[in-house]
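Below, each chain spelled out in residue letters.
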Amino acid sequence: MIVPVFVTIFVAFAVSRVFLRFRSGDMSLGEFLFWLGIWGAIEAVVWIPKFLDEIAHQIGIGRGIDAVVYGSVVLLFYLVYRIYVKAEFIEHEITSLVRKSALKDKEK
Amino acid sequence: MVLYNLLMNQKIIVVIAAYNEEALIASVVAGIKKHISNVVVVDDASGDRTADLAKEAGADVLEHLINRGQGAALKTGIDYAVKCGADIIVTFDADGQHKAEEIMRLVEPVAKGEVDVVLGSRFLGNMPNNIPFLRKMVLKGGIWFTRFFSRINITDTHNGFRALSRKAAQTIRIKQDRMAHASEILDEIAYHKLKFCEAPVTISYTNYSMQKGQSSLNSIKIVFKFILGKIMR
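Which chain is which? The protein sequence lines are A and B, in order.
The opening position of the first sequence corresponds to residue 1 in our numbering, with each subsequent residue numbered one higher.
The opening position of the second sequence corresponds to residue 1001 in our numbering, with each subsequent residue numbered one higher.
Think of the hints as simulated: they come from the structure by calculation, not from any bench.
Bear in mind that the values here come from a model prediction, so they are computed numbers and not experimental data.
Possibly wrong hints are sitting among the right ones.
SDA-like mimics (lysine to any residue), calculated; alpha carbons at most 20 Å apart, straight line [unchecked claim]: (1) A:K106 with B:G1085; (2) A:K50 with A:W39; (3) B:K1175 with A:S101; (4) A:K104 with B:C1084; (5) B:K1193 with B:G1113; (6) A:K100 with B:G1113; (7) B:K1225 with A:E91; (8) B:K1225 with A:F77; (9) A:K108 with B:G1069; (10) A:K106 with B:K1193; (11) A:K106 with B:R1178; (12) A:K86 with B:C1084; (13) A:K86 with B:G1085; (14) B:K1225 with A:E93; (15) B:K1225 with A:K104; (16) B:K1225 with A:E88; (17) A:K86 with B:G1069.
Isolated chain A, as found in the complex (with noise of 0.2 Å):
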């Protein structure tokens, strides 16, 4: 019983902070909801493991931390690909700053 219960405290202070980002306007409707979609799983998951595996049994895999895992590995590897595309276009723009600050020197 004492793992959902620090689960939930947890959850409930990330929701929080998702909460203050969404209402200062630093986040948008589709990312609050997207937060709030991935707590409440979480919190679902601990206080009713079954749940878990009846999604697996669903999607055809046995067990539901299987599930999990299987999931986890794709998000990552998703993740990862945004990461580096957000990196690529940042070092694109660093690099195009770079140029403009160039060519406005010689300018001078």
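For this one, chain A is given, so just place chain B on it according to the hints.
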């Protein structure tokens, strides 16, 4: 004489990307200036006196505030050359590997309007006999790689000695900041169906150029960056 007049009527600008090249940059610029008066050096945030020495040697110097790589520096130089009204742009290495006296021969097909791009090739004409074995294997691998990915058939894929017409310089988009730009330029030539030819050039393999050049193992990273860049195009 006809060719001489033709070349005299064209504004040729030589672009050099340089990073920590204080040992040779002055002599490289001076060597080029015997043949071409317009030399642009893009100092890619060197930690030494590259920029000052290039200026003293008579080059027009642009300075990157932070290091962005050879591809980025070349693009800065090419953009600047186009802005200055260049008809032909020559890219030249800063490490003394190329021979300035070969520039005129290289630009000839572009000046005559026969092609948009002339690519220097070390494997045409007099083959250098001191190409290190591993480097030779990597370069040959690069040829097959380029044939497969860019559908362009050339004999030397990573030669920094090239001549571009103004049209080619404005058409080719160099997005790869670092060494993968060489493959990207070939890819762009094929993609935009630019007319090109190869011309034999001499590459001097000195201890200095080998030290400054890319390690052969770095080619794996270049391939990876190029393929990712192609996917994300």
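Hints, one by one, checked against the model:
Restraint check for K106 of chain A and G1085 of chain B: the C-alpha separation of about 15 Å stays at or below 20 Å, so the hint holds. A distance of roughly 17 Å separates the Cα atoms of K50 of chain A and W39 of chain A; the hinted pair therefore holds under the 20 Å criterion. Restraint check for K1175 of chain B and S101 of chain A: satisfied, since their Cα atoms lie roughly 18 Å apart, inside the 20 Å limit. For a cut-off of 20 Å, the pair hint linking K104 of chain A to C1084 of chain B stands: about 13 Å separates their Cα positions.
For the suggested pair K1193 of chain B and G1113 of chain B, the alpha carbons sit about 15 Å apart, so the restraint of at most 20 Å is met. Between the alpha carbons of K100 of chain A and G1113 of chain B the distance comes to roughly 31 Å, so the proposed pair goes past 20 Å and is violated. Taking the CA atoms of K1225 of chain B and E91 of chain A, the gap is near 13 Å; set against the 20 Å cutoff, the hint holds. For a cut-off of 20 Å, the pair hint linking K1225 of chain B to F77 of chain A stands: about 18 Å separates their Cα positions.
Annotation: proposed proximity of K108 of chain A to G1069 of chain B is violated, straight-line Cα distance about 24 Å (limit 20 Å). For the proposed pair K106 of chain A and K1193 of chain B, the alpha carbon gap of about 33 Å is over 20 Å, so the pair is violated. For the hint linking K106 of chain A to R1178 of chain B, the alpha-carbon distance of about 23 Å lies beyond 20 Å, and the restraint is violated. Simply put, K86 of chain A and C1084 of chain B have alpha-carbon atoms about 34 Å apart, too far for the 20 Å limit, and the pair is violated.
Note on K86 of chain A and G1085 of chain B: the hinted pairing is violated, with a Cα-Cα distance of about 35 Å set against a maximum of 20 Å. Taking the CA atoms of K1225 of chain B and E93 of chain A, the gap is near 17 Å; set against the 20 Å cutoff, the hint holds. Restraint check for K1225 of chain B and K104 of chain A: the C-alpha separation of about 29 Å exceeds 20 Å, so the hint is violated. In summary, the hint linking K1225 of chain B to E88 of chain A is supported, as the alpha carbons are separated by about 10 Å, within the 20 Å threshold.
Note on K86 of chain A and G1069 of chain B: the hinted pairing holds, with a Cα-Cα distance of about 19 Å set against a maximum of 20 Å.
Against the hints set out earlier in the document, violations occur for numbers 6, 9, 10, 11, 12, 13, 15.
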